[in-house]
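In terms of full-length UniProt numbering, the sequence shown opens at residue 1 and continues consecutively.
Worth flagging that the hints you see were computed from the coordinates, not collected in a lab.
From the three backbone atoms N, C-alpha and C, an ideal C-beta is built for every residue, glycine too.
Treat the hints loosely; a few may be bogus.
Label pairs and their computed distance ranges (CB to CB) [said to hold, decoys possible]:
1) A214 x P158: 22 to 28 angstroms
2) A3 x A215: 17 to 23 angstroms
3) A29 x T142: 41 to 47 angstroms
4) A214 x L137: 40 to 46 angstroms
5) D206 x N254: 37 to 43 angstroms
6) T27 x P158: 35 to 41 angstroms
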Amino acid sequence: MTAPLRLGTRGSALALAQSQLTADALTAATGRPVELVRIVTSGDRSTAPVAQLGVGVFVSALRDALLAGEIDFAVHSYKDLPTGDHPGLHIAAVPPREDPRDVLISKGERSLAELPPGATIGTGAVRRIAQLRALGLELQVTPIRGNVDSRIARVHGPAADLDAVVLARAGVARLGRAAEITETLDPMLMLPAPAQGALAVECRADSDLVELLAALDHAPSRAAVVAERAMLATLEAGCSAPVAAHAELAEGENGDEIYLRGAVISPDGSRAIRLSRTGTPADAAEIGKALAADLLDAGADTLMGSTE
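All chains, full assembly: derive it from the sequences and hints.
Here is the structure:
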């Protein structure tokens, strides 16, 4: 019998759910059995705010295990990956992306606009905090950490201390808790993080699994993520910077087109630069780089500087 492939994953409920979905999809597509191998990362051990931990804190241990041959491939939340390529490793697949938008979960099923002045709303992302402040709703925004379940418990649990939390819809849905979503936030109000909702299936570049794992690749999802992350990389902004991007693929007059929106927001929400670009999926990276250049020309670097 063929030995199971070893899929490295973080031990959180969300990481395990994402990895199991990937494992099941790979087995269905190729017939190869897969077993999950839990890896503890430095990000899992720390209680510090994500913005202070640095880029790649949730993926470095998985990558070390890959390079050491302890696992055969790994599944990451794509937005956690550093933007630069890792020598010796290869993103073999980007599976179909979940809805990348953010959602609100609140007491009394109140929408964002219905929350009263002074309501407490929790989130861990600098990007979300900046955009919430930019709305001018007089909300008390509280930085929080923890997994999806513990964040929701701060609204609906027995020790609830917040009126609402903002989370990525993808994570809530993958954990089977979509019914608790109060409102899915329009990207015009809350533009997502680059690559939010997408997974990255990574293996060693010299692995014979490169071709096998490609069976999971979804070209439209990969093109959208490439555009968003090219923008982020060109801005030289990490995953904790107040940078947002959302790429959509739609049918144009001459075939599919990418419509990429990007934004850089000052941490206090007082200033924001929002621009967009379009192009073909084949030019996804160039679209992202060009939009980043447009944002920098408009002064985006001055808005990011205070987060360093």
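Hints and how they fare:
no. : hint                            : in the structure
1   : A214 x P158: 22 to 28 angstroms : violated (47 angstroms)
2   : A3 x A215: 17 to 23 angstroms   : holds (19 angstroms)
3   : A29 x T142: 41 to 47 angstroms  : holds (43 angstroms)
4   : A214 x L137: 40 to 46 angstroms : holds (45 angstroms)
5   : D206 x N254: 37 to 43 angstroms : holds (38 angstroms)
6   : T27 x P158: 35 to 41 angstroms  : holds (39 angstroms)
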